[in-house]
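Number 261 marks the last residue of the sequence shown (our numbering); no jumps.
Everything labelled a hint here was simulated from the structure, so no lab data went into it. Just so you know, these numbers come straight off a predicted model, no measurement behind them. Among the hints, erroneous ones may be present.
[To be verified] List time: in silico DSBU-like cross-link candidates among lysine-lysine, alpha-carbon distance up to 30 Å:
{"id": "1", "residue 1": "K193", "residue 2": "K97"}
{"id": "2", "residue 1": "K128", "residue 2": "K249"}
{"id": "3", "residue 1": "K108", "residue 2": "K126"}
{"id": "4", "residue 1": "K187", "residue 2": "K94"}
{"id": "5", "residue 1": "K94", "residue 2": "K207"}
{"id": "6", "residue 1": "K182", "residue 2": "K94"}
[What the hints assert, rightly or not] Just the calculated beta-carbon pair ranges, DEER-fashion:
{"id": "7", "residue 1": "D66", "residue 2": "L242", "range": "22 to 28 Å"}
{"id": "8", "residue 1": "S132", "residue 2": "T261", "range": "29 to 35 Å"}
{"id": "9", "residue 1": "S92", "residue 2": "N166", "range": "30 to 36 Å"}
Idealized CB from N, CA, C, for every residue including glycine.
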Amino acid sequence: MVDFEMLTDIDESNLTETAQSLDKEDLPKIVERLSEKNDKVRYKALLLLQKRSACCDDVYPFWDVFRSKLKHENSYQRNIGVMLIAENAKWDTENRMDGTIDEYLTVLNDEKPITVRQCIQALEKIVPYKNHLCPKIADSLMSINILAVKETMRKLILFDILNILVLIRKYQPADASDEYIINALSGEVLDKKVKKLVEQRMRT
């Protein structure tokens with residue numbers, strides 16, 4: 058059993074072991090802690106649930122809780138929703154992602170660039186298990202207006218987009234995605250180092 062009063066004292070180096078040793082009865086209480094105002098409590102709850110989701114399917118029943126966070130007024134809660142839905146995509150035997158994907162992809166246009174990045178990066182854990190959604194995911198990624206993004210974040214977000222499009226190519230060939238990647242590599246948003254990295258990933 059987790060001592061919730063001591064949740065913030067859990068050593069991050071022991072998170073995997075702690076998550077694996079949780080009782081199922083602990084999970085509802087940990088999910089509740091995701092709404093805590095205390096940043097440290099909330100963050101440790103998120104990390105525990107991520108680690109638990111990596112090894113067990115018993116966080117999956119809270120899918121609707123995570124889904125509801127996608128439209129939360131607080132960006133950190135939206136981040137939580139994005140990350141925990143992605144972590145549980147591999148356990149989605151009920152195909153809940155099919156009904157969630159539109160709400161999920163709406164976060165790609167979030168007002169917070171950090172939240173946009175979280176959403177894009179988390180797709181890496183969805184694509185391998187939801188191949189049939191790849192066309193919709195790719196279209197949504199390519200519809201992001203990079204020039205409308207804060208200049209200091211453009212390179213980072215474009216790089217994130219390209220990483221997912223390259224991943225999608227392994228599951229479903231897409232001419233439109235290839236054209237987008239080629240245009241990005243020939244454009245001026247990315248520097249030479251990043252372009253080379255993307256090209257390397259395309260070859261692996």
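Does K207 lie within 30 Å of K94 when you go C-alpha to C-alpha?
holds (28 Å)
Does K97 lie within 30 Å of K193 when you go C-alpha to C-alpha?
violated (36 Å)
Do the Cβ positions of D66 and L242 conform to the proposed distance bound of 22 to 28 Å?
violated (47 Å)
Could you see if the CB distance from S132 to T261 stays within 29 to 35 Å?
holds (33 Å)
Pairwise beta carbon distance, S92 to N166, judged against the given window 30 to 36 Å:
violated (24 Å)
For a C-alpha distance cap of 30 Å, please report whether K108 and K126 respect it.
holds (19 Å)
Pair hint outcome, K128 versus K249 [Cα-Cα no greater than 30 Å]
violated (37 Å)
Against the 30 Å threshold, does the CA-CA distance of K187 and K94 hold or violate the hint?
violated (34 Å)
Regarding the pair K182 and K94, is the alpha-carbon distance no greater than 30 Å?
holds (28 Å)
Violated hints, in rising order: 1, 2, 4, 7, 9; the structure is consistent with all others.
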